[in-house]
Amino acid sequence: MTRPLYRFHGGVHPAEHKAESSGRPIATMPLLPRYAVPLRQHIGNPALPIVKAGDRVLKGQAIGQADGYVSTAIHAPTSGTVLGIEAQAVPHPSGLPDLCIVIESDGEDRAVDYQPLDWQHLDPSALRNRIRDLGLAGLGGAVFPSYIKLNPGAAQKIPTLILNGAECEPWITCDDRLMRERAEGILRGAAAMQAMLHADEIIVGIEDNKPEAAAALQAAAQQLGLAVEVALAPTLYPSGGGKQLTYLLTGKETPAGGLSTDIGVQVFNIGTAYSLYRAIEFGEPMISRIVTVTGHVGQPQNFEVRIGTPVADLIRQAGGELAGASGRLIGGPMMGFDLRNDAAPTTKAVNCVIVKSPALFPAAPPAMPCIRCGECARACPALLQPFELYWYARARDFGKAQGYRLFDCIECGCCSHVCPSHIPLVDFFRFAKDEVWAREREKEASEQARRRHEFHQFRLEREKQEKADKLAAKAVDRLKTVETGAADPEAERKKAILQAAIERAQKAKADITPKNVEGLPPEIEQEIADIDARRAKLRETAHAKDEDSE
Amino acid sequence: MTGSPYNLHVRYATPQIMRQLMLALLPAIGAHVWLFGPGILVGLLLCSLFAVGFETLVLLMRGQPLGFYLRDNTALVTAWLLALSMPTLAPWWLYLLGAFFAIVVAKHLYGGLGQNLFNPAMVAYAVLIVSFPIQMTQWAAPAQLAAHVPSLAEAFDLVFAGQGALSPDAYTSATPLDHLKTQLRTGTPMPKVMGQPLYGQVGGSGGEVVALMFLLGGAYLLGRRLITWHIPVAFLAAVAVTASLLQWHDPAQHAGALFHLASGGAMLGAFFIATDPVTAASTPKGKLLYAAGAGCLTVIIRAFGNFPDGVAFAILLMNIAAPLIDVYTQPRVFGTGGGKP
Amino acid sequence: MLTAILVMALGGLLLGGVLGWASVRYRVEDDPLVEKIDAILPQTQCGQCGFPGCKPYAEAISKGEADINRCPPGGEDGVKRLAELLGVDPKPLGEGLEHKPKSVAVIDENLCIGCTLCIQACPVDAIVGAAKQMHVIVADQCTGCELCLSPCPVECIHMEVVHEDVATWKWRYPVYTLHPTRPH
Numbered sequence: 001m002t003r004p005l006y007r008f009h010g011g012v013h014p015a016e017h018k019a020e021s022s023g024r025p026i027a028t029m030p031l032l033p034r035y036a037v038p039l040r041q042h043i044g045n046p047a048l049p050i051v052k053a054g055d056r057v058l059k060g061q062a063i064g065q066a067d068g069y070v071s072t073a074i075h076a077p078t079s080g081t082v083l084g085i086e087a088q089a090v091p092h093p094s095g096l097p098d099l100c101i102v103i104e105s106d107g108e109d110r111a112v113d114y115q116p117l118d119w120q121h122l123d124p125s126a127l128r129n130r131i132r133d134l135g136l137a138g139l140g141g142a143v144f145p146s147y148i149k150l151n152p153g154a155a156q157k158i159p160t161l162i163l164n165g166a167e168c169e170p171w172i173t174c175d176d177r178l179m180r181e182r183a184e185g186i187l188r189g190a191a192a193m194q195a196m197l198h199a200d201e202i203i204v205g206i207e208d209n210k211p212e213a214a215a216a217l218q219a220a221a222q223q224l225g226l227a228v229e230v231a232l233a234p235t236l237y238p239s240g241g242g243k244q245l246t247y248l249l250t251g252k253e254t255p256a257g258g259l260s261t262d263i264g265v266q267v268f269n270i271g272t273a274y275s276l277y278r279a280i281e282f283g284e285p286m287i288s289r290i291v292t293v294t295g296h297v298g299q300p301q302n303f304e305v306r307i308g309t310p311v312a313d314l315i316r317q318a319g320g321e322l323a324g325a326s327g328r329l330i331g332g333p334m335m336g337f338d339l340r341n342d343a344a345p346t347t348k349a350v351n352c353v354i355v356k357s358p359a360l361f362p363a364a365p366p367a368m369p370c371i372r373c374g375e376c377a378r379a380c381p382a383l384l385q386p387f388e389l390y391w392y393a394r395a396r397d398f399g400k401a402q403g404y405r406l407f408d409c410i411e412c413g414c415c416s417h418v419c420p421s422h423i424p425l426v427d428f429f430r431f432a433k434d435e436v437w438a439r440e441r442e443k444e445a446s447e448q449a450r451r452r453h454e455f456h457q458f459r460l461e462r463e464k465q466e467k468a469d470k471l472a473a474k475a476v477d478r479l480k481t482v483e484t485g486a487a488d489p490e491a492e493r494k495k496a497i498l499q500a501a502i503e504r505a506q507k508a509k510a511d512i513t514p515k516n517v518e519g520l521p522p523e524i525e526q527e528i529a530d531i532d533a534r535r536a537k538l539r540e541t542a543h544a545k546d547e548d549s550e
Numbered sequence: 001m002t003g004s005p006y007n008l009h010v011r012y013a014t015p016q017i018m019r020q021l022m023l024a025l026l027p028a029i030g031a032h033v034w035l036f037g038p039g040i041l042v043g044l045l046l047c048s049l050f051a052v053g054f055e056t057l058v059l060l061m062r063g064q065p066l067g068f069y070l071r072d073n074t075a076l077v078t079a080w081l082l083a084l085s086m087p088t089l090a091p092w093w094l095y096l097l098g099a100f101f102a103i104v105v106a107k108h109l110y111g112g113l114g115q116n117l118f119n120p121a122m123v124a125y126a127v128l129i130v131s132f133p134i135q136m137t138q139w140a141a142p143a144q145l146a147a148h149v150p151s152l153a154e155a156f157d158l159v160f161a162g163q164g165a166l167s168p169d170a171y172t173s174a175t176p177l178d179h180l181k182t183q184l185r186t187g188t189p190m191p192k193v194m195g196q197p198l199y200g201q202v203g204g205s206g207g208e209v210v211a212l213m214f215l216l217g218g219a220y221l222l223g224r225r226l227i228t229w230h231i232p233v234a235f236l237a238a239v240a241v242t243a244s245l246l247q248w249h250d251p252a253q254h255a256g257a258l259f260h261l262a263s264g265g266a267m268l269g270a271f272f273i274a275t276d277p278v279t280a281a282s283t284p285k286g287k288l289l290y291a292a293g294a295g296c297l298t299v300i301i302r303a304f305g306n307f308p309d310g311v312a313f314a315i316l317l318m319n320i321a322a323p324l325i326d327v328y329t330q331p332r333v334f335g336t337g338g339g340k341p
Numbered sequence: 001m002l003t004a005i006l007v008m009a010l011g012g013l014l015l016g017g018v019l020g021w022a023s024v025r026y027r028v029e030d031d032p033l034v035e036k037i038d039a040i041l042p043q044t045q046c047g048q049c050g051f052p053g054c055k056p057y058a059e060a061i062s063k064g065e066a067d068i069n070r071c072p073p074g075g076e077d078g079v080k081r082l083a084e085l086l087g088v089d090p091k092p093l094g095e096g097l098e099h100k101p102k103s104v105a106v107i108d109e110n111l112c113i114g115c116t117l118c119i120q121a122c123p124v125d126a127i128v129g130a131a132k133q134m135h136v137i138v139a140d141q142c143t144g145c146e147l148c149l150s151p152c153p154v155e156c157i158h159m160e161v162v163h164e165d166v167a168t169w170k171w172r173y174p175v176y177t178l179h180p181t182r183p184h
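So the sequences go chain by chain: A, B and C.
Numbered according to our numbering, the first sequence terminates at residue 550, and the numbering increases by one at each position without gaps.
Numbered according to our numbering, the second sequence terminates at residue 341, and the numbering increases by one at each position without gaps.
Numbered according to our numbering, the third sequence terminates at residue 184, and the numbering increases by one at each position without gaps.
The hints are simulated quantities; they were obtained by calculation from the structure and are not laboratory data.
Since we're looking at a predicted model, the values are computed, not measured.
Treat the hints loosely; a few may be bogus.
Listed next, with one range per pair, are the computed distances between beta-carbon atoms [said to hold, decoys possible]:
#  : chain 1 : residue 1 : chain 2 : residue 2 : range
1  : B       : Pro191    : C       : Val18     : 32 to 42 Å
2  : A       : Ala215    : B       : Gln64     : 48 to 58 Å
3  : A       : Asp434    : B       : Thr336    : 46 to 56 Å
4  : C       : Glu155    : A       : Glu490    : 39 to 49 Å
5  : B       : Arg225    : A       : Ala19     : 24 to 34 Å
6  : C       : Ala9      : A       : Asp434    : 51 to 61 Å
7  : B       : Pro331    : C       : Leu14     : 34 to 44 Å
8  : C       : Glu155    : A       : Arg462    : 29 to 39 Å
9  : A       : Gln465    : B       : Thr336    : 48 to 58 Å
10 : A       : Ala142    : B       : Pro331    : 44 to 54 Å
11 : C       : Glu155    : A       : Tyr114    : 54 to 64 Å
12 : B       : Arg225    : C       : Ala167    : 50 to 60 Å
13 : A       : Tyr114    : C       : His163    : 33 to 43 Å
14 : A       : Glu212    : B       : Gly30     : 49 to 59 Å
Think about it this way: if two alpha-carbon atoms lie no more than 27 Å apart in a straight line, the pair counts; the simulated DSSO-like pairs of lysine-lysine are [claimed, not checked]:
#  : chain 1 : residue 1 : chain 2 : residue 2
15 : A       : Lys252    : B       : Lys285
16 : A       : Lys433    : C       : Lys170
17 : A       : Lys443    : C       : Lys102
18 : A       : Lys400    : C       : Lys170
19 : C       : Lys100    : C       : Lys132
20 : A       : Lys400    : B       : Lys285
Examples of chain A residues toward chain B, derived with CB under 8 Å [what the hints assert, rightly or not]:
#  : residue
21 : Ala15
22 : His42
23 : Ile43
24 : Asn45
25 : Met335
26 : Ala343
27 : Val418
28 : Val426
29 : Asp427
30 : Arg430
31 : Asp434
32 : Ala438
Every residue, glycine too, gets a C-beta built ideally from N, C-alpha and C.
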């Protein structure tokens, strides 16, 4: 039976450029002398390093552990010595450095003793924690920790498991090659996912420009006797977007701001399924992934790349940059970003390195004013009105932009791609989103500061109150002792002073209001000076201490 | 810094869209030359010159890159639309004033390309028809009815030097819409008016062919996906429905749907002016509402107003409403209700 | 004539009545103005405005006793938002006030003598420590008010600008050319 497909709104069809790299098999990278594994490889908390400079590590040994819920472990890509944990170039659009664990290879590539997971018998929660500790994260782009997504949740069941093999971005072929070459592993991983999620069905979504991959998966499914439906979707960017693929295959819309699990669907990249297979069958942590190296290089190809491999080495392995190279992209041309420094290592998120040339990636033509032609709205798969969003994002009117549902934008780039006026629309949306987040953070920080300041003042008041109480009690006490004594002038004087002190304390008590902190009248201040010359010199806080120690 | 996407694929960049629009106007211009004489070419030429001149001037004053903005062709499109809405063989200063109001007032004073609330050509037309009703209603008579069809050289003379030896009656006439209105007011019954030589098969003699050519050009734009069907279809449908209703109500006083569709600026408005994306509503539902409103108002203004044609005022009125229409017709965003289509 | 006046007066009364009733019936319960102003202020509690904290400054603004441009940590952006809220024209920051990049105070651990003076000065209790013990500033809670700098007898506290990192980095406002870079 063929599954009915539901065409999502919009989408574009950029030049595919898949053939450059899809023809060659996946090659293995030779062992390199140095690797740098970034601590931050996904949203949520970066991994917590558990090694220090000078430590000897083995391949596959955990060098960082999950810190909090949305986080996973990271592992040594080879055996060797930890040189340090230092800030260095990472693949990030900012070009800013970030902390990496730098490992010098000892050339032996000795691995820890991998323990296969007895996943069929392990307690589900323990199994998921093992998967977290093996560092599994989604390889499709978002790099969300897999162990969280493998939790069937309160319902104990997610009926539909979708494997995302659409790979709709131009140039990228790593999933294509993986499906062609390692279909069985992918499906074994998928079977484990199905068991963990208690899913009724497995659907693999593949764009119809990858018939070989689809055939390989079908053959493997038959061989394994696994009920897998391989659905060929029309090639249309961004069919590989999680929400788009879910809609394409099931006709269900992931609620805005929600998750696909809200509609009983969980989506994994096929690469993640393969990694899960390696993890459960061999106990292998996520220390490598397939990366496409293509564009203006000698020999575009896919490589099995250890996490932490410098991009420069990767490009060299693919025949190096050809003359006239004009930069490098990480990810595809629709959603990827410019890499500033090719010393940056690959991460679990890096699925493709494209070397640019002016011929392949001409500079964007100059932008013109928006004429509200609506091309962007016709291309937007999220059914947004990008030109309205642009209007408000450009004017920094973030409230209005959110009203036009800024945060439902998936940044797929379709709108910029088709804009007749060449306006970098997505850049405006990214800017606006980040600005909203930053303001949110600022607001939270100032809210916290306000609360802390209020408590600070409350505390000062309370201390003042306590001090006044103490003062009053003490004065009453002394008055009693003086009254019992002889009526000499000295005692009279003391009595008067103490009487004043009592009054003062009572007044201080009465005076205490939230804003009237230091409300001692000057004449009483004077009397304090008379009683104790020291007091007048010291600060109020210091004198409180003296009072206590008397 | 700009980020992805790094490959852009634009079917028509904005300057090319404008060029396509002009291309789509050519059949109608051709028909006009054939049926009304070459006079229209003078108007087109003058409007283009004045418009580009004003555009250059304003760009210089605003300190914006000249070559870049002049190449976008938007001033030319405005100029052509204005020339096609104005009477042929009007005095040259009328074109100058029109270009001034279109380019300087309606376009640049509102912020330039993409910022204007009102369609520049229609603003200019409205200003002119209110200020110079006589000059703006003297249209070239259809060639077969005119006592004399001015040649191109004569047309230049007429535009620059005034009428001179030629009496205006020799080459001008009221438009059928205008004529119909005055005739009906004097009590001439509808069939008798329609039987006069100024009228053709369905609309005005000659004018109906030009309208057909606008339709043809519009079809070309639709085929090229430079405009969507919403605005022209809703506009023309609204014109037809409103006209039919009025005719049904009082056949003696109101012409039918076909006459309204084939006369005046209906076709030009439906395909080339109401579809101006800057000033129109932009959501699919909004476009339907906007264009239906404009079509409806067009017929009402024609039937009850004092001006010969209602297209310009109808579109300007709906221009005001467009932003509000957009606010209330925002389409459903992915993942917000709905489900299976 | 009289009828006309009567009709108009009656109409005015009627409409006024309806409006008055509606304003009572549909009154929107609003935050007091002070709260709204306070929400815009950055809560640095630095006192640079001349008031002992953000709330007193907010109160002064609401009473019309202070100008809206006295808050350097809020910067031009803050002034703009206050201006919007109060319906007045934004203006540049006041004389002698300047917006500095967000900083946090850092204690030099080698110099700190544990005098607790900075702890008392901190308006948000972001400094931990005890007498004769080294003090530490909790960077997350430090508002950068600089109030702890002057009380320190050994000048061991300095301000450090918070640099953006991968986690706090923001996409910039897109700047793109409107001039042709090459013939198109």
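Range hint compliance [Cβ, arginine 225 of chain B to alanine 19 of chain A, 24 to 34 Å]
holds, 29 Å
Given the hint of 29 to 39 Å, check if glutamate 155 of chain C and arginine 462 of chain A actually sit that far apart at their C-beta atoms.
At roughly 31 Å between Cβ atoms, arginine 462 of chain A and glutamate 155 of chain C fall inside 29 to 39 Å, so the hint holds.
Going by Cβ atoms only, is alanine 15 of chain A closer than 8 Å to chain B?
Constraint on alanine 15 of chain A satisfied, holds at 7 Å.
Range agreement (Cβ of proline 331 of chain B with Cβ of alanine 142 of chain A, hint 44 to 54 Å)
Check failed, 26 Å falls outside 44 to 54 Å.
Restraint outcome when valine 418 of chain A is required to lie within 8 Å of chain B by C-beta distance:
holds, 6 Å
Residue hint alanine 438 of chain A, partner chain B, criterion CB-CB below 8 Å
violated, 17 Å
Lysine 443 of chain A and lysine 102 of chain C were given as a pair; does the straight-line alpha-carbon distance stay at or below 27 Å?
This hinted pair holds, its Cα atoms lying about 14 Å apart.
Is the distance from the Cβ of glutamine 465 of chain A to the Cβ of threonine 336 of chain B consistent with 48 to 58 Å?
About 54 Å separates the Cβ atoms of glutamine 465 of chain A and threonine 336 of chain B, which means 48 to 58 Å holds.
Minimum Cβ distance from alanine 343 of chain A to chain B below 8 Å?
Given a least distance of 20 Å, the restraint on alanine 343 of chain A is violated.
Status of the given 34 to 44 Å range, CB of leucine 14 of chain C versus CB of proline 331 of chain B:
holds, 42 Å
Sort out whether lysine 170 of chain C lies within 27 Å of lysine 400 of chain A, counting only the CA atoms.
This hinted pair holds, its Cα atoms lying about 20 Å apart.
Could you check if aspartate 427 of chain A really has its C-beta closer than 8 Å to a C-beta on chain B?
Holds - the Cβ of aspartate 427 of chain A comes within 8 Å of chain B, reaching about 5 Å at its closest.
In the structure shown, a violation is registered for the earlier hints numbered 1, 3, 10, 12, 19, 22, 23, 24, 26, 31, 32, in ascending order.
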